[in-house]
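Using the hints provided, position chain B relative to the given structure of chain A.
Residue numbers (this note's numbering), protein chains in the order written: chain A, 1 to 112; chain B, 1 to 112.
Hint data in this document are derived by calculation from the structure and do not stem from the laboratory.
From the structure, some residues in chain A lie toward chain B, with a derived Cβ separation under 10 Å: (1) V4; (2) Y35; (3) L45; (4) A50; (5) D56; (6) E59; (7) T100; (8) P105.
Glycine included, each C-beta is placed from N, C-alpha and C at the ideal position.
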Amino acid sequence: NAGVTQTPKFQVLKTGQSMTLQCAQDMNHNSMYWYRQDPGMGLRLIYYSASEGTTDKGEVPNGYNVSRLNKREFSLRLESAAPSQTSVYFCASSGGFQETQYFGPGTRLLVL
Amino acid sequence: GENVEQHPSTLSVQEGDSAVIKCTYSDSASNYFPWYKQELGKRPQLIIDIRSNVGEKKDQRIAVTLNKTAKHFSLHITETQPEDSAVYFCAAEDSGTYKYIFGTGTRLKVLA
Chain A
1 NAGVTQTPKF QVLKTGQSMT LQCAQDMNHN SMYWYRQDPG MGLRLIYYSA SEGTTDKGEV
61 PNGYNVSRLN KREFSLRLES AAPSQTSVYF CASSGGFQET QYFGPGTRLL VL
Chain B
1 GENVEQHPST LSVQEGDSAV IKCTYSDSAS NYFPWYKQEL GKRPQLIIDI RSNVGEKKDQ
61 RIAVTLNKTA KHFSLHITET QPEDSAVYFC AAEDSGTYKY IFGTGTRLKV LA
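Isolated chain A (complex conformation) (with noise of 0.2 Å):
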């Protein structure tokens, strides 16, 4: 099993760009996670998804999408990006309540 995969690994966009960031899951979990983390800092919730059809948002939903495209994949978009979303974005899923969330790798993305 893979786990939770992110593509792409790093990307540069400039201001105003749009990107859309992947992240897939075999495990048949329920929910999945969006998350940003800024250099030296927590983990922030950025938007959820309890399970496939329902989205929500978290701490930090501001200039981001989410679509749960089914229940393997839930994607983040940016519709036009600033260099506040400088950041390190992780998906995580988990088998629902009180169970525990497994993270990506991680994408690393930089805003000019």
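Quick look at chain B alone, frame taken from chain A:
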């Protein structure tokens, strides 16, 4: 909603000594508390977790204690080794949701 505070932010110990990291949470209805270790440039990985129906859990050199009355939980690492050097995050699952609220992290340095 839930709020998690973590202390200390940095901790240096001599190899072989013990390390203790403490977290407090605000929502008395929270029932699941995982701990993650994040090495430099890597993804967070679960090292131990505890549910509210137990007060302590051990896994080799790592233990977690939970005091529900005082709303705090702690990570204990004994016989520390250089490979224990990393950032450690505590988290509490927000009651009634599938979200974790993370602490701000503790950078542990084990000095050889």
